[in-house]
Amino acid sequence: MFWKLYKKMQEQSKKEEGQGLAEVALFLVLVVIVAVVVLGNLGTQITTTFQSVVTALGG
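Counting from 1, position 42 in the sequence shown corresponds to residue 41 in numbering that gives the first Met the number 0; the numbering is continuous, with no gaps.
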């Protein structure tokens, strides 16, 4: 997926159209922000679950 995006960005940079490259860059920034938020929340939930399991097992 990222390879296709990288190739598309390379192709766009060779063209004179800067708008397409800006749209791809904004989309990539949005994807990164969403990934950070989701992984941050998921990481917290996983930590809480493991702590509950350890407590239940008497550790």
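In short, the hints are calculated from the structure, not lab data. From a predicted model like this one, the values you see are computed outputs, not experimental measurements. We put the beta carbon where it would ideally sit given N, CA and C, even for glycine. Among the hints, erroneous ones may be present.
To be verified - What follows is a list of derived Cβ distance ranges for each label pair: (1) Q9 <-> A55: 47 to 57 Å; (2) L56 <-> F26: 37 to 47 Å; (3) Q9 <-> V37: 25 to 35 Å; (4) E22 <-> T54: 24 to 34 Å; (5) V36 <-> M8: 22 to 32 Å; (6) W2 <-> L25: 43 to 53 Å; (7) V36 <-> L4: 33 to 43 Å; (8) V23 <-> L56: 46 to 56 Å; (9) Y5 <-> N40: 43 to 53 Å; (10) V53 <-> Q18: 48 to 58 Å.
Stated by the list, open to error - Here are the simulated lysine to any residue pairs, SDA-like style, with alpha carbons at most 20 Å apart: (11) K3 <-> V37; (12) K3 <-> G19; (13) K3 <-> A24; (14) K3 <-> L25; (15) K6 <-> Q18; (16) K6 <-> V23; (17) K7 <-> E22; (18) K7 <-> G19; (19) K6 <-> V30; (20) K7 <-> L38; (21) K6 <-> V35; (22) K6 <-> G42; (23) K7 <-> L20; (24) K6 <-> G19; (25) K7 <-> V28; (26) K6 <-> L27; (27) K7 <-> V36; (28) K3 <-> Q18; (29) K7 <-> A21; (30) K3 <-> L27.
Hints and how they fare:
Between Q9 and A55 the Cβ separation comes to about 52 Å, which falls inside the hinted range of 47 to 57 Å. The hinted range of 37 to 47 Å is satisfied by L56 and F26, whose Cβ atoms lie roughly 44 Å apart. For the hinted restraint 25 to 35 Å between Q9 and V37, the CB-CB distance of approximately 28 Å keeps it satisfied. For E22 and T54, the hinted distance range of 24 to 34 Å is not satisfied, since their beta carbons lie about 48 Å from each other.
Checking the proposed 22 to 32 Å range against V36 and M8 shows it holds: the Cβ atoms sit about 23 Å from each other. About 20 Å separates the C-beta atoms of W2 and L25, a value inconsistent with the hinted range of 43 to 53 Å. At roughly 20 Å, the beta-carbon separation of V36 and L4 lies outside the given 33 to 43 Å, and the hint is violated. Distance hint check for V23 and L56: the Cβ-Cβ separation is about 48 Å, which falls inside the suggested range of 46 to 56 Å.
The hinted window of 43 to 53 Å between Y5 and N40 is violated, with their beta carbons roughly 28 Å apart. Under the hint 48 to 58 Å, the C-beta atoms of V53 and Q18, about 53 Å apart, fit the expected range. For the hint pairing K3 with V37, the CA-to-CA distance comes to about 23 Å; that exceeds 20 Å, so the pair is violated. Between K3 and G19 the alpha-carbon distance is near 15 Å, which keeps this suggested pair within the 20 Å criterion.
With a CA separation close to 13 Å, the supplied pair K3 and A24 stays within the 20 Å bound. The suggested pairing of K3 with L25 holds, with an alpha-carbon distance near 16 Å, which does not exceed 20 Å. Between K6 and Q18, the direct Cα distance comes to roughly 16 Å. Compliance with the 20 Å bound is thereby established for this hinted pair. Distance check on the hinted pair: K6 and V23 sit about 11 Å apart at the alpha-carbon level, within 20 Å; holds.
For the suggested pair K7 and E22, the alpha carbons sit about 11 Å apart, so the restraint of at most 20 Å is met. Note on K7 and G19: the hinted pairing holds, with a Cα-Cα distance of about 10 Å set against a maximum of 20 Å. The straight-line distance between the Cα atoms of K6 and V30 is roughly 17 Å, inside the 20 Å bound, and the hint therefore holds. Only pairs whose Cα atoms come within 20 Å are accepted, and K7 paired with L38 is rejected, the gap being roughly 26 Å.
At most 20 Å may separate the alpha-carbon atoms for a hinted pair to count; K6 and V35 exceed this at roughly 24 Å. Between K6 and G42 the CA atoms are separated by roughly 31 Å; this puts the pair beyond 20 Å, and the hint is violated. The suggested pairing of K7 with L20 holds, with an alpha-carbon distance near 9 Å, which does not exceed 20 Å. About 13 Å separates the Cα atoms of K6 and G19, which keeps this hinted pair within 20 Å; it holds.
For a cut-off of 20 Å, the pair hint linking K7 to V28 stands: about 15 Å separates their Cα positions. Between K6 and L27, the direct Cα distance comes to roughly 13 Å. Compliance with the 20 Å bound is thereby established for this hinted pair. With a C-alpha separation of about 26 Å, the suggested pairing of K7 with V36 is violated against the 20 Å cut-off. Proximity of K3 to Q18 is assessed by CA-CA distance (about 18 Å); at most 20 Å being required, the pair is judged to hold.
For the hint linking K7 to A21, the alpha-carbon distance of about 12 Å falls within 20 Å, and the restraint holds. For the hint linking K3 to L27, the alpha-carbon distance of about 12 Å falls within 20 Å, and the restraint holds.
Violated hints for the displayed structure, listed by number in ascending order: 4, 6, 7, 9, 11, 20, 21, 22, 27.
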